[in-house]
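Engineer: Protein chains in written order, with the working numbering: chain A, 1 to 253; chain B, 1001 to 1255.
Hint data in this document are derived by calculation from the structure and do not stem from the laboratory. Among the hints, erroneous ones may be present.
To be verified - Reference listing, derived: stretches of chain A covered by chain B, where coverage requires no fewer than 3 residues with Cβ under 8 angstroms from a Cβ of chain B:
1. 114-120
2. 167-176
3. 229-240
Stated by the list, open to error - Here are the computed lysine to any residue pairs in the SDA-like style, where the Cα-Cα straight-line distance is at most 25 angstroms:
4. Lys1129/B <-> Lys157/A
5. Lys1044/B <-> Gln94/A
6. Lys121/A <-> Gly1033/B
7. Lys157/A <-> Leu38/A
8. Lys1081/B <-> Leu1173/B
9. Lys1129/B <-> His103/A
10. Lys1129/B <-> Arg45/A
11. Lys121/A <-> Tyr1037/B
12. Lys1081/B <-> Glu1014/B
13. Lys121/A <-> Lys1081/B
14. Lys1190/B <-> Arg91/A
15. Lys1019/B <-> Gly1033/B
16. Lys1044/B <-> Met96/A
17. Lys1044/B <-> Arg140/A
18. Lys157/A <-> His1094/B
19. Lys1044/B <-> Arg91/A
20. Lys1190/B <-> Gln94/A
21. Lys1044/B <-> Phe135/A
22. Lys177/A <-> Gly1033/B
23. Lys157/A <-> Lys1190/B
24. Lys1129/B <-> Val98/A
25. Lys1129/B <-> Gly220/A
26. Lys1129/B <-> Met96/A
27. Lys121/A <-> Lys1019/B
28. Lys1013/B <-> Pro1090/B
All C-beta atoms in this analysis are idealised placements derived from N, C-alpha and C, irrespective of residue type, glycine included.
These are the residues of each chain, in order.
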Amino acid sequence: MALSIDAYNRTYAIDRSMSDVPVFMRFLGEGRAIVSNLSILQADRYFHGGAGHFADEHKERFAIVEKDHKVCENPEEHSHATTEPVNILFRVSQEMNVTEHVHLHDDQVKEIIPWLYYAAKIDPQNIQSYTLTGFYLCDRLGKTDQGIAFLREGLEKNPGSWEINAELGRIYFQYVKNYETATRYLSIAAVLLREIPHDKFQERYVLSFLARSYEALGRGKDALPLYRRLNELFPNGVFEEKSRNFPPKNLSF
Amino acid sequence: MRAVWAIAYGMVKELVRKKDFYVLVIFMFVLLGFLSYQNFFQVKGISRYVRDFGYSLLMFFSFTIAVTFTAKQLPSEIESKTIYPLLAKPLSRHMVIFGKFCGGVMISTISFTIFYAIFTGFYMTGGGKSLVLLGQGFIFGVLFLCMVSALVMFFSNFITMSANVTFIFLLYLTIRGFSDFLRGIILFSKGIVATLYGILYCLLPHLEFFDLRIRITHAWDPLPMWVVFTVVGYTVLYCCMLLSLAGYIFERKRL
Chain A
1 MALSIDAYNR
11 TYAIDRSMSD
21 VPVFMRFLGE
31 GRAIVSNLSI
41 LQADRYFHGG
51 AGHFADEHKE
61 RFAIVEKDHK
71 VCENPEEHSH
81 ATTEPVNILF
91 RVSQEMNVTE
101 HVHLHDDQVK
111 EIIPWLYYAA
121 KIDPQNIQSY
131 TLTGFYLCDR
141 LGKTDQGIAF
151 LREGLEKNPG
161 SWEINAELGR
171 IYFQYVKNYE
181 TATRYLSIAA
191 VLLREIPHDK
201 FQERYVLSFL
211 ARSYEALGRG
221 KDALPLYRRL
231 NELFPNGVFE
241 EKSRNFPPKN
251 LSF
Chain B
1001 MRAVWAIAYG
1011 MVKELVRKKD
1021 FYVLVIFMFV
1031 LLGFLSYQNF
1041 FQVKGISRYV
1051 RDFGYSLLMF
1061 FSFTIAVTFT
1071 AKQLPSEIES
1081 KTIYPLLAKP
1091 LSRHMVIFGK
1101 FCGGVMISTI
1111 SFTIFYAIFT
1121 GFYMTGGGKS
1131 LVLLGQGFIF
1141 GVLFLCMVSA
1151 LVMFFSNFIT
1161 MSANVTFIFL
1171 LYLTIRGFSD
1181 FLRGIILFSK
1191 GIVATLYGIL
1201 YCLLPHLEFF
1211 DLRIRITHAW
1221 DPLPMWVVFT
1231 VVGYTVLYCC
1241 MLLSLAGYIF
1251 ERKRL
């Protein structure tokens, strides 16, 4: 049955081939995308010490995607709305629930890695699972080589993903200091991003690293149009000076 | 009490004879062993997901044993007519129900203890330290199995074994899924609606009280002692009420 499903996917759903998926997972069919996302949600839950999200926080995106990962300084701001308990069962129920708001920090972040790994294994088209894993391995756990290898694996399965290209470019820029490779990945990311609807924050993410990589290579001419574009997107910001001063005088990265 | 012990002991022998339990023990050991030795990007010391799987597995397996073994007691005895020699003994029907309940609790607790011992081994090797929390987890697990066995015994009076098993599984999932939702409704409603929902909330068996998975997995603080005592009291009261009702109904049942 798994082989039949795979043959069907190869024939009719070229983008969703399951040849990279373990055999037992192929039985899930398209449902594996849901299971994979559940696995990411579980990672997010782990990141919050098992308590999950509360109603008044992270309205726009998951904290797991945010780059600031510290123990919350004001946990009371995020705690569940407490209501006067009506009876003893309510009080017990309230006590049973974990209501303190925490983020995993330092080495503890490793606990979310299995869920991200499984999310990618279950659905290799789940791009977020690769970028998140890459981010945590490189930025939080200092496993740059493993992070790059995993992102490359993701890129093999999703060659059209600007996100994975951008993440690889960022890591080569920030950690490996291989600016040549960084510009290669980031240029591909910029081209791919142009072809799809996107917001200015996504564009800033790619172009700022690309511009800084060009600067690092001494290719100020290539960096300037990028800074000008960034200044158009975010006027009166940090890019204003760089888009005016050419060649840039104060390089800082 | 000797008669109650005899009934319960008969059920324990059944657990030993059947292969279900051994299969579950081996399965749990192998699965947790496999998960413990998984290597994720050469990152060492990842343990929470093993605890999470371990605790979920042991609760699920113990729950399954409690439900399936207890559910078949009365219906199969009535169907095979072995209930008559039992009732011919100087033994009230209340005691038969109590004996079956004790048997259900004993076999599920024995299984639970062995599963818990395996889990504790993996918990300790994974760097878990809170013995108080482990102790609370064990107590709450046993209480949970008492509650489940009492529920199954109660519903054995009305429905067949397979219907009983299905119903208890659905009840468990519903209560786990909607208990917080119901609590929210009560808190935000007023008047007669709030009272009715409040009564419903008090009558429902709160199986979610016994789940310490998140606390154990993520190493949260142990529960305050007043909560432990309240849950113990709640379980004892609820089980007594269910067993009394079950005995009363069984006494009036035509066999």
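Engineer: Against the structure shown, which of the earlier numbered hints fail to hold, in ascending order?
Structural biologist: Numbers 2, 3, 4, 5, 8, 13, 16, 18, 19, 22, 23, 25, 27, in rising order.
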